[in-house]
Amino acid sequence: MPTMDVVIPTAEPKTDPRSSERATTATPPTKIEVRNFNFYYGDAKVLHDINLDIPDRQVTAFIGPSGCGKTTFLRSINRMNDIIPGARAEGRIAIDGKELYKPDVDVVALRRKVGMVFQKSNPFPKSIFENVAYGLRIGGLNDRRALDEVVERSLVRAALWDEVKDRLSDSAMALSGGQQQRVCIARALAVDPDILLMDEPASALDPIATQKIEELVYELKTNYTIVIVTHNMQQAARVSDRTAFFMLGKLVEYDDTNDIFMTPKQKLTEDYITGRFG
Amino acid sequence: MSRRFEADFGRGERRRLIWNAAMTGVFSVAGWVAILFIFLIFVFTFKETLPIFTDPEVREEANLYKFFFERQDGPTLAEQFIWQPTSEQPKMSLIPIILGTLKATFVGLLFACPIGVAAALFSSEFAPARLREVIKPVIELLAGIPSVVMGFFALIVLATWLQSAFGFTYRLNAWNAGLALGIALVPIIYTISEDGLTAVPRAFREASYALGASRFQTAWSVVMPAAAPAIFASFVLAFGRAIGETMILLMAGGNAAITSFNLNDPLRTLSATIAAELGEVVNGSAHYSALFFMGTLLFVITFVSNTAGLWVIRRMQIRMQGEKA
Amino acid sequence: MPSPATAALRGARRGADRIAVTLLALSVILIVGILVVIVGNIAWHGVRTVTWEFISQPPRQGLTAGGIFPAIVGTAALVILMTIAAVPLGVATAIYLHEYTPAEGLSLAWRRFKKSKGLPGRRRLFTRFLSALLATITRSAVANLAGIPSIVFGLFGLGFFIQFIGRSIDRATLPPVELLWGQGSLLWAALTLALLTLPTVIVATEEALRTVPHDLREASLALGATRWETIRRIVLPGSISGILTGAILGISRGAGEVAPILFTGAAYYLPYLPERVTDQFMHLGYHVLILSTQSPDVEATKPLLYGTVFVLLMLTFLLNLTGVIIRSRTRARLRA
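Residue numbers (our numbering), protein chains in the order written: chain B, 1 to 278; chain U, 1 to 325; chain L, 1 to 336.
In short, the hints are calculated from the structure, not lab data. Errors might be hidden in some of the hints.
[Stated by the list, open to error] Heads up, simulated DSSO-like pairs for lysine-lysine below, C-alpha to C-alpha not over 30 Å straight-line: (1) B:45 to B:267; (2) L:115 to B:45; (3) L:302 to B:102; (4) B:250 to L:114; (5) B:45 to L:117; (6) B:45 to L:114; (7) B:98 to B:250; (8) L:115 to B:250; (9) B:102 to B:45.
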């Protein structure tokens, strides 16, 4: 059988016929492929030659000291950096094989497939219902019954439905911080993305709300590919399947989470994880 | 359970993107409107002035020399510089009108500057916050009085009071017009000076108190000098407003174009002359072009003085808030 | 331990200070007093004249009797047309300035461009610089527009709208001598006034747009909305009260201006009410001007004059007050 060195997205993870002797944790297909990716703000280079493959329907965590470029890299995946002056990308990021930084790419459609949750929750000053329905209305869906259905499903998936089902027309601004963040998650889920990018989603929340968000991430990964930026290493260890450690704009190490935290291969990684520097 | 993602980024909802592009176009066009109209205003005002330079017939009667330098025979200034465009021998000296404008502006600023700055200083340094919240609306209401109403008041009421108080020969004169104008200028001076005063960093005041200075000393010797650019800018902007004010001076100034330095005499300003005479002028005549010349003059003077004032304010903003402001 | 000399100095200083502060306070009292006197005088004399008849009847007997109904109608029609012209255009300009131009100042944009020598993306930075330049020029144009004397607007209305555009329309559509568009009318007066109030609307709208937090826009874009959709669904609804304030303040200012309409359509006496945009109109402020300066019998017209002034003043005050109230409520809500 010819060896296949291109990974094809498939429904179920396939075991590689070459490795039947090895442990059968199947290699999941690659959802996001990054090759030789560089990023500039004006003349300052903030990301250097990033190469990695983010697997489908798993949680990948980006960790690293502040200013290491992990948020910049995250925002490159849905091209949110486009709105920043002087921002420039070089290299390749591809989702399911389709490159993102080509001129014919419709950024609007891209952002429906790649959802984003921000560090500071930013619900619109509208009702909970209208917040979650926003992405759908934009897309032209205004049928009340269809909206009701999708809104409910999204709020269920965001583990918020039971708490708000009786007050969907209340303003989202009246909710607690943790609830607001879950509204934002539901809002992002409503447009049915494949990938969910989360930029330190729990950093502004209390421990209980944080725990809820982490449980949510764990549930969501069965249906979505999740990339989460966090400065909290324990969170990364708890929640993610694979972890990437960044420093000064370079990808230092990328491995299964267990391996990174138990047996890091790079000294820098070990120093960071053991807290030798922030 | 499988979900295959057809990464088809090229097709989007085309209609939404078209709308977005269309509205971007609309807004970009709207952005040009202000520039376009400033340009048009200058062009069309100046266009009607051109005959003064180009048309020989018009130039006979109305030209730059006549406007500024022509003297008639006579012992007094009042008899030498005359504006009488409708007499048989049209006399087109702008001197009486310019003088009138300056007189009214002078009196107006004389009244408004000290009072406006004093009120701003009190409001910013001494008034409790509640009082400040009362003063501001009062100033706004004062600013909201239409100038035709102010002119009416000066014409009917103020002039009588002033005359009975000071015994002027002429009921309508520079004092009357200037005072009414000054009242209208106070809000401008107050608002901009007060902004400048409250923007002075608290650190200045604290340093002064720490050295044992009193509140008034601090306000007078530290805060006010620090806000000097704003205060100066407010004067400049008030000056621009005064030069261009029409109704108050038309109604309260006496409407007589006399070359006189005496503030007890009636006066006429550039804008008032235009307002009073344009209705009766023959389209295309020398008089017509002369009036448009005055309009162009007004445009240029106010443009220059406003640009200067705004530039000062902008420098101040940048210094206080950094580049992004 | 302060010596007696210093203590005495301090006492004297305190005394001098108190005098100085009192003087300052007096200036405020003077201003309030002036406002009270003016408004009081007008209200005192005007209230008596303002009856229902006064408001609803046209003038009679050479404007020495009757009412001012046509002037009220004319003013209202003028202001409505002016608003329709000024508000959408002003809001659009403000949206352009705030949402479509770079946020950094001109010198910063220039510096970024110069530093990018030899790098790719330089062209984009140049475009951004040009954009910033255009924005700066536009903002300065708006500020200058605000400072142009109102009579110059009148001249422009006459020279551009009436004699250039109006006459051109007439020459193209009517037989040679006839004039329809090439003369003073509601339309041209309204457009002239709209130009005058444009800066007010633009500045107030920009201030309102600034109050919408930036991360709401980001959230909307991240959900796949286009920039226009973000403006339409998030930014505009969030700034509507500020825009309303600007519109009302602009209206109150435009309602009181007389100089721009002197030659663009106001009339002293018309036996009919304006029905079409090409009609001339009577106007409260114009009425005050004429009655004050050209009335043959000042004493006889005084009550009418006071009544007209009172109505005009109340109108502008009401609008002004409404705008101020909405603005302070909005600011209070934001601070909360």
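Here's how the hints hold up against the structure:
Simply put, residue 45 (chain B) and residue 267 (chain B) have alpha-carbon atoms about 24 Å apart, close enough for the 30 Å limit, and the pair holds. Proximity of residue 115 (chain L) to residue 45 (chain B) is assessed by CA-CA distance (about 14 Å); at most 30 Å being required, the pair is judged to hold. For the proposed pair residue 302 (chain L) and residue 102 (chain B), the alpha carbon gap of about 76 Å is over 30 Å, so the pair is violated. A C-alpha spacing of about 28 Å is found between residue 250 (chain B) and residue 114 (chain L), which places the hinted pair at or below 30 Å, so the restraint holds.
Under the criterion of a C-alpha separation no larger than 30 Å, the hint pairing residue 45 (chain B) with residue 117 (chain L) is consistent with the structure, at around 15 Å. A C-alpha spacing of about 17 Å is found between residue 45 (chain B) and residue 114 (chain L), which places the hinted pair at or below 30 Å, so the restraint holds. Restraint check for residue 98 (chain B) and residue 250 (chain B): the C-alpha separation of about 24 Å stays at or below 30 Å, so the hint holds. The suggested pairing of residue 115 (chain L) with residue 250 (chain B) holds, with an alpha-carbon distance near 24 Å, which does not exceed 30 Å.
For the given pair, residue 102 (chain B) sits about 20 Å from residue 45 (chain B) by alpha-carbon distance, which is consistent with the 30 Å threshold.
Taken one by one, the earlier hints fail for this structure only at number 3.
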